[in-house]
Amino acid sequence: MHTPFLSYRRIGNKTLRITPIVALFAAGLLLVSACAGVPASQPTPTATRTQQTAPQTATPIRPASSAATPTAPPKTAPQPTAAGSPEKAAPVAPSPTAAGAPSSSPSAATPAAGAPAPQPSAGLPVPTNRQQKNQAGNVTVEVTWEANQASKDSLRFAVVMDTHSVDLDKYDMAKLATLRTDKGRQFTPTTWVGPPGGGHHRTGTLVFPAAEGGKSVIESDTKYVEVAISDIANVKERVLRWNLEAKQ
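Per our numbering, the sequence shown starts with residue 1, numbered consecutively.
By construction, these hints were calculated from the structure, which means they are not laboratory data.
One thing to keep in mind: the hints can contain errors.
[What the hints assert, rightly or not] Straight-line distance between alpha carbons at most 16 Å, and here's what the computed EDC-like set of lysine to aspartate or glutamate pairs gives:
(1) K223 with E245
(2) K175 with D231
(3) K183 with D153
(4) K152 with E212
(5) K236 with D172
(6) K133 with D153
(7) K183 with E219
(8) K175 with E245
(9) K183 with D221
(10) K215 with E146
(11) K133 with E237
(12) K152 with E219
(13) K133 with D162
(14) K223 with D162
(15) K133 with E226
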């Protein structure tokens, strides 16, 4: 006869009575044992097929180049100077010029040797009477200070000599004439310009420098200028003077 909620098990020649509590406990042990023995879940067939169908493309390995690739030299930072500032780069050498070309720019033109002397400045005193006359030893000498001096690098005096007793061509006017100022300065003619063969009537021009030694012959405070002509017709010296006045 079986009692409710009781379970009987026959083991060999013996019959065991199992109560509900013992049965529940035994079932729990069996469940725990079953869970502990279940292996880890395997991937689903779909995932497995996906993994199997997806081709694995391996990245090709490029063979190393036999030639070494040149590398740029490492950039070094500028070394600080004693003052703490970076060292300045060395100056770049100038590029070579064409063959035969001068390396330097042409310098300003310098005055050539023998250039004209400095010209007298404007505003210098002028003669009150341009024509002077001397008559001695039967020879008349008339000298005119030329007003129209285009070059301004010389002082020019037109000379006219007349006589009825001597030959005037024999006198070297460039050696016999002298220009003097009230300051004691004296100047010899640079040239005598005139036609030869005058005989008793001779004309020409005495040309004196307008400046000498970097200084003008006629200065701003010059009072007079005179031309002295010596040894003509036994007259030791003939002096023809031009008084000067300040130019307004």
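Hints, verified against the model:
With a CA separation close to 7 Å, the supplied pair K223 and E245 stays within the 16 Å bound. Restraint check for K175 and D231: the C-alpha separation of about 10 Å stays at or below 16 Å, so the hint holds. Restraint check for K183 and D153: the C-alpha separation of about 21 Å exceeds 16 Å, so the hint is violated. A hinted pair counts as satisfied when its Cα atoms are at most 16 Å apart, and K152 with E212 qualifies at roughly 13 Å.
With a CA separation close to 15 Å, the supplied pair K236 and D172 stays within the 16 Å bound. For the hint pairing K133 with D153, the CA-to-CA distance comes to about 25 Å; that exceeds 16 Å, so the pair is violated. Taken as a hint, the K183 and E219 pair is honoured in the structure, with Cα atoms around 10 Å apart against an allowance of 16 Å. The suggested pairing of K175 with E245 is violated, with an alpha-carbon distance near 29 Å, which exceeds 16 Å.
Between K183 and D221, the direct Cα distance comes to roughly 9 Å. Compliance with the 16 Å bound is thereby established for this hinted pair. For the hint linking K215 to E146, the alpha-carbon distance of about 21 Å lies beyond 16 Å, and the restraint is violated. A threshold of 16 Å between alpha carbons decides the hint, and for K133 with E237 the separation of about 13 Å falls inside it, so the pair holds. This hinted pair checks out: K152 and E219 have alpha carbons roughly 14 Å apart, not beyond 16 Å.
Restraint check: the Cα-Cα separation between K133 and D162 comes to about 12 Å, which is no more than 16 Å; the hinted pair holds. Between K223 and D162 the alpha-carbon distance is near 30 Å, which puts this suggested pair outside the 16 Å criterion. Taken as a hint, the K133 and E226 pair is honoured in the structure, with Cα atoms around 12 Å apart against an allowance of 16 Å.
Violated hints for the displayed structure, listed by number in ascending order: 3, 6, 8, 10 and 14.
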